[in-house]
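Colleague: If you want the building blocks of each chain, they are given just below.
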Amino acid sequence: MMSPNEQNKLKLRQICFIFLAFMPVTKISLLPSVLSGFCEERLWVAALLGFLLDIGVLFIALHLYKKHDNCTLFYLLENKFSKGAAKAVYFGYGVYFILKAIVPILEQQDYVHNTLYEISPSAAVFVPLFIVSFYQSLKGLKILGRCADACIWLTGLGLFLVFFLAFNIVDFTNIFPIVQKPTYKPVNALFRSIIWFSDSVYFLLFLGHFEGEKKQTLKVVGSYGLASFIVIFFMVVFYSAFGSIAKTRFFATTELTIYSLAIANSARFDYIAIILLMFSQVFAIILPVYLATKCFERAFGLKKALIPAIIINLLLAVFTVVFTEKLFTVLSFMSNYLSYVFIFFGYVIPFALLFIPKEKKLENTSKA
Amino acid sequence: MKTRVKHRIVIIVALILSILYFSNDFSLIDIEKTAIIVAMGIDKADEGVEITTQIGIPQATDQALDNQDTLISAKGKTVMDAMEILSKRSGWIPKLSFCNVIIFGKELASDDISVIVDHLLASEHFQNSALLAVCDGKARDFLSTPTPLDAISSFAIQKVILENGATSSSVLDTNIKNFCQKNYGRDKCGYMPYIRIISGDAKGQDSSSSATTDYEIEGDNRPIDGLIDVLPLAEGSSDGGGGGGGGETPTAIFDASKTAVFKGGKICDILTEKETIAFNLLSLPADRVIITVQADGKNSALEIINSRHKVWLDYGVKPTLNMKLILTVRIADGSDENGEGNSLGRRATVDKKFLKSLEKDLSDTLEGLAKRQLESETDLFGIRNLTYKFNNAKYEDYKKIPLSNYQVKTHIHVSSRDKTDENT
Amino acid sequence: MKFNLQLKKNQETLKERLSSSDVVFFEFKISNKNGLLIYDDPVTDKEGLGKLVVAPLSNYKKSPDIESICKHIFSPQAEVVYDVDTAVDSVVTGNCLLLIDGDDKAIKIDLLKYTSRGITEPPTSAVVKGPREGFTENLKTNIGLIRRRIKAESFTVEKITVGKYSKTDVSVMYLNDVADDNIVKTVIDRINKIDIDGAPDSSYIAKSIVEHKVALIKQVGNTEKPDILMAKILEGRVGILVDGSPIAITVPYLIIEDFQSSEDYFQNHYRANMQRVLRFISIVLALMLPSSFVAAQLFHLQIIPLNFLLTIVNSIKGIPLSPSFEMFFTLLIFEILNEASVRMPKYVGMALSVVGALVLGDTAVRAGIVSTPTIMIMALSGICLYTVPELVDSMSFLRLMYLIVAGSIGGYGMVLLTCFLFIYLVSLENFNVPVMAPFAPMKAADFKDTLLMTNLTSMKRRPLSIKPKNKVRMKNDES
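Residue numbers (my numbering), protein chains in the order written: chain W, 1 to 368; chain D, 1 to 424; chain X, 1 to 479.
Rather than coming from a laboratory, the hints here were simulated on the basis of the structure.
Take the hints with a grain of salt, since some may be wrong.
[As the list claims (entries may be wrong)] In silico lysine-lysine, PhoX-like type, Cα no more than 25 Å apart, as pairs:
{"no.": "1", "chain 1": "W", "residue 1": "K219", "chain 2": "X", "residue 2": "K443"}
{"no.": "2", "chain 1": "D", "residue 1": "K88", "chain 2": "X", "residue 2": "K317"}
{"no.": "3", "chain 1": "X", "residue 1": "K207", "chain 2": "D", "residue 2": "K6"}
{"no.": "4", "chain 1": "W", "residue 1": "K185", "chain 2": "D", "residue 2": "K188"}
{"no.": "5", "chain 1": "X", "residue 1": "K164", "chain 2": "X", "residue 2": "K193"}
{"no.": "6", "chain 1": "W", "residue 1": "K247", "chain 2": "W", "residue 2": "K326"}
{"no.": "7", "chain 1": "X", "residue 1": "K469", "chain 2": "W", "residue 2": "K11"}
{"no.": "8", "chain 1": "X", "residue 1": "K218", "chain 2": "W", "residue 2": "K139"}
{"no.": "9", "chain 1": "W", "residue 1": "K181", "chain 2": "D", "residue 2": "K400"}
{"no.": "10", "chain 1": "D", "residue 1": "K389", "chain 2": "W", "residue 2": "K181"}
{"no.": "11", "chain 1": "X", "residue 1": "K469", "chain 2": "W", "residue 2": "K9"}
Note that the structure is predicted; figures quoted are calculated from it, not measured.
Please put together the full structure from these sequences, using the hints given.
Modeller: This is the structure in structure tokens:
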């Protein structure tokens with residue numbers, strides 16, 4: 001049996017793969033359409049701004065790693081402030097990660113209900129997702145890292161197939177003009193879609209759970225940068241393919257692939273790409289739920305993640321059933337009222353952590 | 001977790017799944033009650049629209065499978081309303097994911113199809129890759145027309161649109177996505193193939209005006225219940241094959257070489273065959289397009305083997321729409337005035353007079369087409385879009401210029417394939 | 001319990017303990033003393049007993065005592081035993097026991113001789129190219145087959161006895177300069193801790209030494225061929241042979257092992273790659289095809305090509321069963337036929353094939369009970385499964401799971417089940433080695449011999465996933 005500490009150990013490679021395999025797949029379904037609704041062909045500018053902010057957070061987290069000798073965020077807060085403060089911050093992050101999981105969950109549910117199934121199925125069809133999520137919550141970060149090891153292939157192959165199948169409908173002049181008068185539109189678009197960004201905050205929770213390697217900044221930032229580039233390129237391809245109607249094409253991956261001649265002539269090969277990406281999407285959805293479980297486990301000082309895992313997954317399952325077919329209502333509520341919450345936990349807190357002075361010597365470094 | 005608890009959970013999950021599995025009533029599709037709609041015709045009705053759905057029905061034998069079809073039509077205030085009525089009265093659940101062709105009746109297209117196309121775009125039931133076409137007459141009649149090309153008429157229509165569009169550039173094919181992209185873009189203009197029926201007797205002749213009226217549909221319409229009609233079938237749904245005319249071989253074939261231009265969702269112009277090819281050359285790289293040209297009383301069929309095109313705007317003294325076509329051609333076949341064939345055939349260099357003739361022909365066609373469109377303020381060439389993309393800084397100013405103020409310039413250059421062929 | 005100095009008393013005690021009718025008590029004279037030979041008749045080499053023990057003793061003239069007799073008989077495997085319990089144990093394990101009047105000791109002589117079948121090609125691992133020898137039920141023969149192939153000093157065989165009643169010999173073999181010490185130690189410790197009545201087959205040992213007693217997939221490798229066991233030992237694995245079982249166990253086990261065939265290494269590696277990919281595709285088809293077909297019919301018609309859909313619609317007309325029940329029914333029949341064909345005598349097998357394949361299949365379609373596509377899908381799935389025979393057990397069960405999930409909640413359920421199984425598999429470890437290695441966790445260096453393989457000579461390192469002590473198996477080619 002693995003010890004709990006061992007269960008939560010990641011390799012730096014796996015962190016890179018988590019970013020590469022899980023980060024893009026949550027941003028290539030609804031986000032391109034939402035961003036084109038706000039700023040048309042400049043959707044990629046909005047995404048670029050968001051990713052630059054994320055990479056900034058990543059640099060902060062890497063700086064914290066060096067400055068505080070790879071101790072966990074909880075230990076850092078506990079040591080510098082108090083156990084209560086650490087618990088409060090972790091509680092906040094627990095809530096934040098649950099909120100962060102909601103949109104990808106409803107996005108996938110909407111896709112399953114309206115596109116994958118011929119007849120909109122019962123809401124219960126989606127509930128088994130939370131069994132998988134619960135199961136993962138009990139397994140630990142190490143297993144999630146291993147899943148990323150495998151999902152990197154699925155994401156890569158899925159995206160390659162999507163780009164390949166979309167090739168014949170792309171007209172890159174649709175994203176022209178590339179240089180325009182600067183306007184507030186992309187910033188507004190980013191603000192309204194901030195719920196999709198700030199994945200780099202995951203790295204804060206990974207602190208203390210991996211061993212440093214040579215050139216780790218380059219590896220981590222490089223992988224996040226590559227994942228960002230893939231998403232931006234996807235958005236460019238998406239807008240190039242749909243132009244003026246991009247804002248009405250909600251499930252970008254499906255929409256991009258159905259025009260392939262191969263599909264017109266035979267069967268729906270595009271489903272191979274969609275299913276491959278869906279595997280990674282499931283893990284990408286599970287990741288924030290898992291982190292929320294861990295945050296509550298620490299916040300309430302529990303020895304096992306069983307109770308928070310049951311409660312969180314049950315709550316999310318009920319929420320999903322209640323809000324079936326209400327993706328856009330939830331989306332609109334979140335982007336109107338919760339953007340500041342996302343900015344606070346995604347960017348403000350990481351920025352504030354920069355100002356925590358270095359301890360002369362921490363009692364027990366790498367403490368979990 | 002204790003092993004005993006784990007086992008209990010596994011047993012409970014297995015039980016629930018087994019109940020769902022064997023009860024077989026969990027948002028399932030009953031395939032036998034499903035109508036696989038392969039094409040849809042939409043016509044104008046007194047109050048709303050009349051939809052005609054062509055449903056694929058397999059007829060298997062021991063050796064082969066010969067697909068047949070049946071047509072059901074229903075009237076409603078909107079497309080979905082009509083679909084609902086069709087579903088209620090027929091007992092079939094319509095499946096639209098295989099609907100690859102949607103044909104609009106001419107009367108409806110002259111009225112306004114914006115709302116319908118908007119619905120098609122937004123609906124998750126339709127594939128946005130479904131081909132769109134407008135027909136010369138009623139869509140319902142076109143779908144019920146037997147043709148020797150395929151047992152199912154819509155498959156024949158698909159072939160005509162896709163094959164000709166892909167190989168000869170003689171058809172300007174479009175689908176829901178492409179049409180909407182243009183219609184809802186800055187151009188506010190779209191196009192789709194204009195389908196006509198050409199009877200076997202009058203093969204090669206344009207019978208656009210008389211096709212639907214002259215063509216006699218076998219049998220009478222038998223109304224089921226007011227709004228629903230079951231039509232006699234193209235290939236005879238009851239007898240499992242043969243022509244619609246009581247066993248006679250069907251002779252009708254479809255032609256899609258003309259193109260209907262839409263502005264604001266209404267037909268505003270119909271492009272001729274020549275204009276369709278010329279416009280196609282300006283939009284897509286061409287391959288295997290054959291154009292017959294005449295010079296000094298001789299005919300020569302030239303095959304375009306390579307093409308480059310460019311459309312750009314010039315906002316100098318006067319706003320100008322520039323169209324450039326650079327074509328490389330070779331002889332497909334030719335005859336002189338004595339009726340003698342060219343012995344060198346495809347390897348011969350094309351005579352300059354034919355090249356010049358083709359240049360002039362294309363130039364005149366494109367210029368005439370562009371001027372006609374611009375005068376009617378139809379942005380078929382995407383002037384507004386081009387201005388936005390390439391003159392964005394002054395887009396707000398330029399978009400106020402009426403299209404009729406634009407000048408048209410064509411730059412056509414046609415050359416023969418590989419000069420070395422001359423000596424070989 | 002110690003022996004008595006009086007032979008009569010010892011004889012009475014042993015007769016009481018060894019009351020079975022197959023144990024022979026043979027009284028004779030050595031020089032001037034009474035002697036007693038005790039052996040288990042069916043498993044003793046009587047010819048050896050006569051030549052090696054009785055004949056030398058008949059010429060023995062000195063006053064006999066156990067120590068000197070022990071040196072006098074012609075057996076290297078003779079040793080003195082001092083208590084009755086050990087003596088009884090040695091008789092029941094097939095040794096011969098020699099007692100002399102006036103001596104409170106005995107001699108144990110190994111004269112074990114089982115009747116066993118010869119070395120033949122194993123029916124489950126037949127090859128076109130490559131060695132055809134297979135293990136037998138005789139442990140000594142099996143160890144000999146390996147020793148013939150590995151003549152290294154570091155090749156170590158450790159013998160452990162398992163089973164309260166069966167006292168089965170289990171041999172653990174490894175290369176002590178290659179295999180990971182922790183793994184070897186764990187294997188030996190776990191075998192020593194086995195408390196069981198008997199181990200009729202190596203699978204008993206396999207089930208006892210794994211960490212997860214209930215698992216969806218097997219957790220140890222097994223083979224019937226000495227060349228495969230040799231290759232695995234050379235890679236750094238530990239081999240376990242059990243007396244009475246022709247199947248050797250290897251640990252640690254990686255799932256990818258089952259996609260590797262010994263023939264892959266004997267033929268052109270392009271061909272081998274093609275076959276490995278084929279095996280992988282076959283397993284995916286075997287697992288997913290019936291469930292995908294059911295899910296597509298019930299929930300996702302759009303993924304079926306139109307012409308095929310029309311064929312399906314035509315073929316299922318009038319069939320009373322729903323697509324899910326129809327597939328379940330066909331699967332059930334397939335499993336019944338499969339089970340019957342394994343158990344039935346060979347001469348009935350042919351008749352069963354005819355009845356199963358032709359009569360049942362064809363008649364079921366004609367009678368309108370099941371449709372032709374369903375029969376075809378199930379037949380294809382069934383055949384595909386046997387491209388990797390090692391996975392048949394677990395995949396048959398998983399196929400049923402997929403089918404039930406697909407028929408209940410459709411394609412999304414299949415995606416979720418795959419994710420669930422994936423989490424399960426990547427978290428499964430045995431002897432500290434994850435079964436999904438080298439994919440998850442990723443060990444890029446081991447990719448040279450996974451779903452695709454490179455040329456044999458470029459695999460210069462042992463698989464790192466199984467943590468060998470010595471990582472290099474081939475020095476750089478200097479030519």
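Colleague: All the hints need checking, so say for each whether the structure fits it.
Modeller: Verification of the hints:
no., hint, result
1, K219(W) to K443(X), "holds (18 Å)"
2, K88(D) to K317(X), "holds (22 Å)"
3, K207(X) to K6(D), "holds (20 Å)"
4, K185(W) to K188(D), "holds (24 Å)"
5, K164(X) to K193(X), "holds (12 Å)"
6, K247(W) to K326(W), "holds (18 Å)"
7, K469(X) to K11(W), "holds (22 Å)"
8, K218(X) to K139(W), "holds (20 Å)"
9, K181(W) to K400(D), "holds (20 Å)"
10, K389(D) to K181(W), "holds (13 Å)"
11, K469(X) to K9(W), "holds (24 Å)"
Violated hints are absent here; each numbered hint is respected by the structure.
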